[in-house]
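Protein chains: 2
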Amino acid sequence: MRYELYYWPTIQGRGEFIRLALEEAGADYVDVARGPEADGRGMPALMRFLEGAGEVHPPFAPPFLRAGEQVIGQTANILLFLAPRHGLVPDDEPSRLWAHQLQLTIADLVDEVHDSHHPIASSLYYEDQKPEALRRAADLLDQRLPKFLRYFERVAERNPHGDAHLVGGALTYVDLSMFQMIAGLRYAFPRAMARLETVYPRLIALHERVRARSRIAAYLASARRLEFNQQGIFRRYPELDAY
Amino acid sequence: MRYELYYWPTIQGRGEFIRLALEEAGADYVDVARGPEADGRGMPALMRFLEGAGEVHPPFAPPFLRAGEQVIGQTANILLFLAPRHGLVPDDEPSRLWAHQLQLTIADLVDEVHDSHHPIASSLYYEDQKPEALRRAADLLDQRLPKFLRYFERVAERNPHGDAHLVGGALTYVDLSMFQMIAGLRYAFPRAMARLETVYPRLIALHERVRARSRIAAYLASARRLEFNQQGIFRRYPELDAY
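Chains as they are written, first to last, in the numbering used here: chain D, 1 to 243; chain F, 1 to 243.
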């Protein structure tokens, strides 16, 4: 079955957590909004879905995934669906709930990173909420980010199967998501991360191992991997990284 | 099996979505942090878990649930675990993913409501971020809340089993969560809700039906139901409801 991924075509954003899972799985998928409009793809295809009157299970926002007759929204929920089908999570229910719990905690951090440059309203420009962003980003780098990273480092440390993975003894989608989190944080906050990285060696080693996996390395070197930029979740505003 | 729910003992907060599901299910549970310290409960029991070195699956934050040997964190994940065990979601996987997708979207709105009074930092007092809260709350009430409520109203409207429920033809945990959302919004933003409620009649009718269910009504009338207050997610600051 060919999956259809619907996400904004110009950013990594939340969709990147799905792209990484599909790429590692070697799954057959189309990144619909990045395709040509002449083929019924592109932004109009995405907007038809969001605004369409016929959809029984309408998504609130991208990303969403079409898998045959099913349309599934919410990033962590899409991964919950995909992972058992592609060997990206252990088989037993406790492990799957644990993986999902960690993914939801990563999603919480993603939200907080987003709000560090948009603390007032997503609909306003960064420049229209810059004083507030300076305050919020300082709190993120001083309090919240170390708390999250300390937590995930501890999760790796306590993994009974060894600290090479966050869940179980093999790669899961949570490892892929942590790779992306570290990559994004390095892009957005190079100064803060240079300081923090020495404190969380397991997460950094995990990031490096995921990056070196053959399918992930091939994906990162391809045109399918969008560059980080100033429209996504992770943005580089040096003044927010000054703390 | 007796469940142990771990959540802050003085607020409804995110824990209330779990309490409502346990109450509607008639499940055997203990609200651990609200119990007496002499019995090994109370806040020390909660903090032991958060700070304990021994937990293999440490939760990042409350709420979390102990079910036998399992410890499960993240509100929506706990509901994902509980619902099929207590008839609070249909049996088939597509319905369960759809219910979970809606619950995660409710969780997103919960986060945005929280950030309307704490847009800069959870660790700061409201009074220390009031100018920012005024801006963010105005955007919430003007843009974000109508968008979310319009979405959920449409979900009810398009439900092939009728608009009395959000998922399928019988009560699910998502209906319970929507009840709580409407109750909280009415508490926090009585002026805005008086204006908005006429536009979303299905959600209001759903709220009223859930409130009238025998186990929910009994719970709401009991001492187990905490009052809304100024420490939870939903807080009544009249200046934020002035829009």
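Among the hints, erroneous ones may be present.
What the hints assert, rightly or not - Under the rule of at most 20 angstroms between Cα atoms (straight-line distance), these lysine to aspartate or glutamate pairs were calculated in the EDC-like manner: (1) D:Lys147 <-> F:Asp139; (2) F:Lys130 <-> D:Glu51; (3) F:Lys147 <-> D:Asp139; (4) F:Lys147 <-> D:Glu51; (5) F:Lys147 <-> D:Glu55; (6) D:Lys130 <-> F:Asp128; (7) F:Lys130 <-> D:Asp128; (8) D:Lys130 <-> F:Glu55; (9) D:Lys130 <-> F:Glu51; (10) D:Lys147 <-> F:Glu51.
Calculated directly from the structure, the hints in this document are not laboratory data.
Verify the proposed pairing of Lys130 of chain D with Asp128 of chain F, using a straight-line Cα cut of 20 angstroms. holds, 17 angstroms
Satisfaction of hint between Glu51 of chain F and Lys130 of chain D, Cα-Cα up to 20 angstroms: violated, 36 angstroms
Taken at face value, is the distance from the CA of Asp139 of chain F to the CA of Lys147 of chain D at most 20 angstroms? violated, 29 angstroms
Agreement of Lys147 of chain F and Glu55 of chain D with the hint, judged by alpha carbon distance not exceeding 20 angstroms: Roughly 17 angstroms between the alpha carbons, so the hint for Lys147 of chain F and Glu55 of chain D holds.
Lys130 of chain F and Glu51 of chain D were given as a pair; does the straight-line alpha-carbon distance stay at or below 20 angstroms? violated, 36 angstroms
Compare the distance between the alpha carbons of Lys147 of chain D and Glu51 of chain F with 20 angstroms, and conclude whether the hinted pair is satisfied. Distance of about 13 angstroms is within 20 angstroms: holds.
Is it true that the CA of Lys130 of chain F sits at most 20 angstroms from the CA of Asp128 of chain D? holds, 17 angstroms
Between Lys130 of chain D and Glu55 of chain F, is the straight-line Cα distance small enough, at 20 angstroms or below? Status violated; Cα separation ~40 angstroms.
Hinted pair, alpha-carbon criterion (20 angstroms max): Lys147 of chain F, Asp139 of chain D. Please report holds or violated. violated, 29 angstroms
Does Lys147 of chain F pair with Glu51 of chain D here, judged by a C-alpha cut-off of 20 angstroms? holds, 13 angstroms
Hint check: violations occur at hints 1, 2, 3, 8, 9; the rest are consistent with the structure.
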